[in-house]
Amino acid sequence: MRRVVITGVGAVTPIGNNVKDFWANLTAGKNGIDYIKSFDSANINVKVAGEIKDFDPIALGLDKSIARRSDKFVQYALIAAKEAMEDSKIEISPERLGVYVGTGVGGLNVFIEETKKYLTEGPKWVSPLFVPMFIPNMASSNIAITYNAQGPSVPVTAACTTGSMAIGEAYKAIAAGFADAIIAGGTEAGATELGIASFASCKALSCSDKIDEASLPFDKRRAGFVLSDGAGIVVLEEYEHAKARNAKIYGEICGYGISSDAHHITAPVADGSIAARAISQAIQQAQISENDVVYINAHGTGTHMNDVAETKAIK
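For reference, each letter of the sequence shown is one residue, going 30 to 344 in the numbering used here.
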């Protein structure tokens, strides 16, 4: 198995539309959660979300025609991928470059707009671009077209684990020799009226109207998560390829584990045993010992069932 490193990073987030601003605001403790401003939330009991602020795709370097033909989830992905590729400065044969960028929902904004047209004006007014703007693989496809990535292109769709799984599967593909570099990550633009209403109906979202107390994972006051938008993209590269071109290396992907509870459409297995198996796989592959210090980036949804099961899995 070949070694895999990270040589480029890009981000569009509720606390910054690039990595520099995102990191500065993150380390300063800035909260990206705020009262919903993109639509009137009077009829929904959820009042806060992590919306993207001051986002102008054209000002950020996206071609006008591409921006016009792309849902927000694609726009976010393209801007984050642009930053990651410019950061990486990679030059590579097209057939050795892949894209593993996923989304949990896809083009929910264009879905809402075109559904309204269909219901009020009739089917002939539905845009011919509806399908190529809506389907989840359009983020990875548009990135592939932009960078002439002719290697494997895989649009992962796996709910909350989409971004992590896309990076993990990209890592495996490079390690196994299917590509020398892969643009990987996740993108989402689901914090719409329909998206928030649907998650609220599932009793999954926090109904708190207190911005600083809405997202409370692993807290006894927890009452759900806060739906947010954004994109996070990394450039994964085979270590020797990166070393040969003297690339800046942020870190190395050393292990990846994957399992499925195969239990319920939303609820985890209560004892956390199957999630623990995925964690164990990653630990063993990365050869982490009992004496090593590790940082755990938890799922931490703040829902009653997840946080208990996840705590058991980690322990």
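Worth flagging that the hints you see were computed from the coordinates, not collected in a lab. Any given hint could be a false lead.
Said to hold, decoys possible - Quick list of in silico lysine-lysine cross-link-like pairs, DSSO-like style, CA-CA up to 27 Å: (1) 277 - 201; (2) 49 - 82; (3) 93 - 153; (4) 111 - 59; (5) 118 - 49; (6) 111 - 153; (7) 93 - 66; (8) 82 - 66; (9) 153 - 201; (10) 118 - 66; (11) 49 - 111; (12) 82 - 93; (13) 66 - 49; (14) 111 - 239; (15) 82 - 153; (16) 66 - 239; (17) 49 - 93; (18) 49 - 344; (19) 239 - 249; (20) 145 - 232; (21) 66 - 146; (22) 145 - 76; (23) 272 - 118; (24) 232 - 76; (25) 111 - 249; (26) 232 - 111; (27) 59 - 201; (28) 249 - 232; (29) 201 - 118; (30) 249 - 76; (31) 249 - 146; (32) 82 - 249; (33) 76 - 59.
To see whether the hints hold, each was checked on the structure:
1. At most 27 Å may separate the alpha-carbon atoms for a hinted pair to count; residue 277 and residue 201 meet this at roughly 21 Å.
2. For a cut-off of 27 Å, the pair hint linking residue 49 to residue 82 stands: about 15 Å separates their Cα positions.
3. Taking the CA atoms of residue 93 and residue 153, the gap is about 25 Å. The hint holds against a cut of 27 Å.
4. Proximity of residue 111 to residue 59 is assessed by CA-CA distance (about 25 Å); at most 27 Å being required, the pair is judged to hold.
5. At most 27 Å may separate the alpha-carbon atoms for a hinted pair to count; residue 118 and residue 49 meet this at roughly 17 Å.
6. Distance hint between residue 111 and residue 153 is unfulfilled; the C-alpha atoms sit about 36 Å from each other, more than 27 Å.
7. At most 27 Å may separate the alpha-carbon atoms for a hinted pair to count; residue 93 and residue 66 meet this at roughly 25 Å.
8. About 10 Å separates the Cα atoms of residue 82 and residue 66, which keeps this hinted pair within 27 Å; it holds.
9. For a cut-off of 27 Å, the pair hint linking residue 153 to residue 201 is broken: about 45 Å separates their Cα positions.
10. Of the pairs offered as hints, the one joining residue 118 and residue 66 is violated, with about 37 Å between alpha carbons and a cut-off of 27 Å exceeded.
11. Taking the CA atoms of residue 49 and residue 111, the gap is near 14 Å; set against the 27 Å cutoff, the hint holds.
12. Distance hint between residue 82 and residue 93 is fulfilled; the C-alpha atoms sit about 19 Å from each other, no more than 27 Å.
13. With a C-alpha separation of about 25 Å, the suggested pair residue 66 and residue 49 falls inside the 27 Å cut-off, and the hint holds.
14. Taken as a hint, the residue 111 and residue 239 pair is broken in the structure, with Cα atoms around 35 Å apart against an allowance of 27 Å.
15. Note on residue 82 and residue 153: the hinted pairing is violated, with a Cα-Cα distance of about 34 Å set against a maximum of 27 Å.
16. Taking the CA atoms of residue 66 and residue 239, the gap is near 15 Å; set against the 27 Å cutoff, the hint holds.
17. Pair hint residue 49 plus residue 93 holds up; C-alpha atoms about 25 Å apart against a cutoff of 27 Å.
18. Simply put, residue 49 and residue 344 have alpha-carbon atoms about 34 Å apart, too far for the 27 Å limit, and the pair is violated.
19. The hinted pair formed by residue 239 and residue 249 meets the criterion: a straight-line CA distance of about 16 Å does not exceed 27 Å.
20. Between residue 145 and residue 232, the direct Cα distance comes to roughly 26 Å. Compliance with the 27 Å bound is thereby established for this hinted pair.
21. Taking the CA atoms of residue 66 and residue 146, the gap is about 23 Å. The hint holds against a cut of 27 Å.
22. Straight-line distance between C-alpha atoms of residue 145 and residue 76 comes to about 24 Å, which keeps the hinted pair within the 27 Å bound.
23. Taking the CA atoms of residue 272 and residue 118, the gap is about 13 Å. The hint holds against a cut of 27 Å.
24. Taken as a hint, the residue 232 and residue 76 pair is honoured in the structure, with Cα atoms around 14 Å apart against an allowance of 27 Å.
25. Taken as a hint, the residue 111 and residue 249 pair is broken in the structure, with Cα atoms around 41 Å apart against an allowance of 27 Å.
26. For the given pair, residue 232 sits about 36 Å from residue 111 by alpha-carbon distance, which is inconsistent with the 27 Å threshold.
27. A distance of roughly 35 Å separates the Cα atoms of residue 59 and residue 201; the hinted pair therefore is violated under the 27 Å criterion.
28. The hinted pair formed by residue 249 and residue 232 meets the criterion: a straight-line CA distance of about 17 Å does not exceed 27 Å.
29. For the proposed pair residue 201 and residue 118, the alpha carbon gap of about 22 Å is at most 27 Å, so the pair holds.
30. Among the hinted pairs, residue 249 with residue 76 is consistent with the structure: their alpha-carbon atoms are about 21 Å apart, no more than 27 Å.
31. About 44 Å separates the Cα atoms of residue 249 and residue 146, which puts this hinted pair outside 27 Å; it is violated.
32. Simply put, residue 82 and residue 249 have alpha-carbon atoms about 31 Å apart, too far for the 27 Å limit, and the pair is violated.
33. Only pairs whose Cα atoms come within 27 Å are accepted, and residue 76 paired with residue 59 is accepted, the gap being roughly 19 Å.
The structure fails to meet hints 6, 9, 10, 14, 15, 18, 25, 26, 27, 31, 32 from the earlier list, while all remaining hints are met.
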